[in-house]
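Residue numbers (the working numbering), protein chains in the order written: chain Y, 18 to 133; chain F, 1264 to 2141.
Hint data in this document are derived by calculation from the structure and do not stem from the laboratory.
Among the hints, erroneous ones may be present.
Once the Cα atoms are required to be at most 30 Å apart in a straight line, the calculated BS3-like pairs of lysine-lysine come out as [to be verified]:
hint: 1; chain 1: Y; residue 1: LYS98; chain 2: Y; residue 2: LYS40
hint: 2; chain 1: Y; residue 1: LYS40; chain 2: F; residue 2: LYS1420
hint: 3; chain 1: Y; residue 1: LYS98; chain 2: F; residue 2: LYS1584
hint: 4; chain 1: Y; residue 1: LYS98; chain 2: F; residue 2: LYS1420
hint: 5; chain 1: F; residue 1: LYS1268; chain 2: F; residue 2: LYS1327
hint: 6; chain 1: F; residue 1: LYS1272; chain 2: Y; residue 2: LYS40
hint: 7; chain 1: F; residue 1: LYS1280; chain 2: F; residue 2: LYS1268
hint: 8; chain 1: Y; residue 1: LYS40; chain 2: F; residue 2: LYS1584
hint: 9; chain 1: F; residue 1: LYS1272; chain 2: F; residue 2: LYS1420
hint: 10; chain 1: F; residue 1: LYS1327; chain 2: F; residue 2: LYS1272
hint: 11; chain 1: F; residue 1: LYS1268; chain 2: Y; residue 2: LYS40
hint: 12; chain 1: Y; residue 1: LYS98; chain 2: F; residue 2: LYS1272
hint: 13; chain 1: F; residue 1: LYS1280; chain 2: F; residue 2: LYS1327
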Amino acid sequence: MPREQFPSQQDVLRGTLDLLVLKTLALEPMHGWGIGQRIQQLSRDALQVGQGSLYPALQRLEQRGWIDSEWRSTEQNRRAKYYRLTPSGRRALGEETSSWRRYVEAVEGVLGTTGS
Amino acid sequence: MDRMKGWLKQLRVLLRKDRVEGELDEEVAFHLRMETERHLREGMSPREARRAARLGFGGVERTKEEVRDARWVRRVEVPLADALYALRTLRSRPGFAVAAILTIALGVGGTTAVFSVVEGVLLRPLPYERPGQLVRLYQFDVEAPEADLFVSAPHFKDYRERASSFEELAALYTYDEVGADLVLGDRAERIRLLPVSADYFRVLRQEPILGRGFTRAEEVGDRLAVVSDELWRRSGLDRQGLGTGMLLDGEVFTVVGVMPAGFEDPLVGRVDAWVPQNLHTAGAEYPGNHYLSVIGRLTPGVTEEQARREMAALDAALREKYPEVDDNGGFRLVPLQEDLVAAARPALLLVLGVVLLVLLVASVNLANLLLVRSLGRLREVAVRSALGAERGRILGQLLTESAILGLAGGLAGVAAAYAGLEFLLRLGRDAVPRASEIGIDGRIFALTAAVALVTGVVAGLLPALRLARTSPLASLGEASRAATASRGYVRLRRVLVAGQVGLALTLLVGATSLAASVYRLSQVDLGFRTDGILTFELNLPVGRYDAERRADLHARMPEALAALPEVRAVGTTSVLPAIGTSYNWGTWALTGPHAGTEQGFVEAEQRVVGGSYFQALGIPLLEGRLFDSRDAQDAAPVAVVSRSLAEHLFRGGPALGQEIQMGGIERRIVGVVGDVALGPEGPPGRFVYHPYSQYANRNWALKYLVAAEDGAEALLPAVRAVVAEVDPQLVVHRPGTLEEVVQRGWSQRRFAFALTGVFALLALALTAIGLYGVLAFDVRQRRREIGVRLAMGAGPARVAGMVLRDALGVTAAGVVVGMVGALALGGFLSSVVFRTDPTEPLVLAGAAAALLVTAAVASLVPAWHALRVSPRAALSEP
């Protein structure tokens, strides 16, 4: 396996959040609050995304061109900013997912062989 | 693609800041509402739900800040805001902005243009390979060792043979402007020829790119030519190829080589064709006949010192070999670059000095302007500081303004530099050598721009930094007024302006001296008329004109021209008057009291004249007669001499009827005419005039002088028509007025004068701006005092007088300082001026007066403002 450089602690956290957001949006376009709810749901309440991190993450992803936004009406007829995945976002999702899986494998590798 | 779109969307932040922020608020509000509803569904009361939602969210503002930080535009926002603010404030003070930008542009642009010229002429190496090895050789007489003479052919050949210090030596014939009429189809055109010896191309390390150069065997005047790339294409020879023939002056020259484009001769400049120099004519055998220009290349490893030592030994040997030339002092070696620029150096250095002065004035002006500006904004800065703005941001904002001014000034400066260079080259067309090599030098621009930048930054920041140390509270209070008017700064600014005045005075003195020089030059009595005379040159091709036909044409042509109604008289001459020495031959008196002695010998200018030369130029006949029909080719050889020659050779006694000998010819004097200046500066030369009718066997091109009643230029078409009628294939070469020709001799001085004049005016304008700035500020500062005075009944004259006194005080101080500078400059100028003492009291007084008047003018607007002060408003100000 080729030697890979893993990102820093903060980047991992950020990167993970980005990945989760992208995955969520892969299912369907959603507004910010909805994304947070969905992540919580899908992780069976294990992951609760603070909005202090969510909205900056959405800003970053939009700037990178992986997601796009537009203002729409909700079912309750309220205005909300909906985000959706762009084509390059879809590609990025694939890459980030593989990257994450490799990371997890590496960590597992260490945990699995040393200590108790 | 998506990435770029996402990136560009951020620009909305800059353009529609409020919309974007509004959306962020809305998004957050939406989130909170959804949370609140969720809590409500969980069973909390509305109040609790809202509270829980808020707590759950965390810091709303902080989140928003994080979102904002995530945007890349964040980093640009602050500087951009500063820039926009700076632009707004500059627009509110257009006078200041324009003054600052102009100052920078003129200072930087002007300096760059001048430096580029100086660098191109004085500093840049010649465009040949290893130019440091190229040298020029002159001969000199023991009698006059400082004078550089051309080299004689036998001496050149000996040096070429024997001198090992030189890899190659080449001889060029640059003594006379050699040209030929090239016939192209049915048109004839005069082209520039340069006869050179065989090693010429090797010396300059530039062989023809097509074909070849010349061999030593061809130095017998073979009809071969190497042409310039430009002529090759222009004349269509390129389509015929090498080996084709060119019809020059009626003879066929075979083209054997073509030079690369852009190649120019170092001594002569642009050349159309090179031909082999004939080194084996009769004249070329006489070692006392100096007419060749010699250039050479030092052998690698040989220093100038070593070369000179070898030359000294060689010279001694040659003196023995040619005992008939007893005044041969030997050879002198000069590095070629030095040789070419030495004449232009004084003028260029003067210009450089002038420009540096102006740059100084401009920098001082800039500093002053910015200082005043910063001081005026101290209050604003204090307020900001009190409101909590970081020092860094305040300074950043101030700097932005200076930066914008600098940028605008810099751009304007580039334009000014190009315009300035254009102007200089046009002005100095005849005075500036190597003009084709001059271009704007980017490094110089960067350097002067850096100077302006540093000045701006220092001047702009100085007061702000000072303020940063004092407490904001103090600056806001009553003390702020005192702070801005603090003694230190007021004095500094006054000193700066006084300095400007001094510099401007120095420049004015220089400009006035040069103006006086040019004026006096123009007033010099040259001994002949210059107004209303058209001149042109006619060359008669040897192929179609023999001696008889030449004499015939040069007799008929003046008559034909004189027949034109506006023409007063027509004369011809071998060399135009007052352009310097030419054909200076040793002349002996064969009869008379000093015949055979040292006093019976003089070096005299020989001129061949025809037609009504003396009448056309208004040269008076003093004794005897002028040439007429008696003086035919086969008649007794006669000559007319100038008064000073007659006096020298026949001191006191009569000159008429005496016999003289020059260049192997004997002639009898039949007339004495008035003296004529040798060069444009006035001292008369000693002339021997030969009639063309007795000289027609030498094919000298004659210059025609057509004296008209009114303007000479208008005659040109009529003249061309007459010439064409006589022979349609003749070229009217280099037409112009005699005035122009003579004035070309002053070209260096005129160049220096025009330049200094322009810069002096510039300095004056800048000083006026500087003075105005200081005075305007003072008036604003002293509003209260003025208000009090006005309230107490002071008349408008008193108040205006106050301002005026202020202005004159500063100016007077500057003038005193400037006098010192002017005296220093005077020493430097003495090499350039003509019959003018740069420290003449009249000149100094005039310059001082000009500055005082400027000061008075500069104080007009501030004085008017002072009068407009309403006493009540001024007194009730905090």
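We went through each hint and held it up to the structure:
1. Y:LYS98 / Y:LYS40: 18 Å, holds
2. Y:LYS40 / F:LYS1420: 94 Å, violated
3. Y:LYS98 / F:LYS1584: 107 Å, violated
4. Y:LYS98 / F:LYS1420: Measuring from Cα to Cα gives roughly 96 Å; hence the hint is violated.
5. F:LYS1268 / F:LYS1327: 23 Å, holds
6. F:LYS1272 / Y:LYS40: 23 Å, holds
7. F:LYS1280 / F:LYS1268: At roughly 18 Å apart (the allowed maximum being 30 Å), LYS1268 of chain F and LYS1280 of chain F satisfy the hint.
8. Y:LYS40 / F:LYS1584: Answer violated: LYS40 of chain Y to LYS1584 of chain F is near 105 Å, above 30 Å.
9. F:LYS1272 / F:LYS1420: Between LYS1272 of chain F and LYS1420 of chain F the Cα gap is close to 81 Å, so the pair fails against 30 Å, i.e. violated.
10. F:LYS1327 / F:LYS1272: At roughly 18 Å apart (the allowed maximum being 30 Å), LYS1272 of chain F and LYS1327 of chain F satisfy the hint.
11. F:LYS1268 / Y:LYS40: 21 Å, holds
12. Y:LYS98 / F:LYS1272: 15 Å, holds
13. F:LYS1280 / F:LYS1327: Satisfied, since the Cα-Cα distance of roughly 14 Å is no more than 30 Å.
Of the numbered hints stated above, those contradicted by the structure are hints 2, 3, 4, 8, 9, listed in ascending order.
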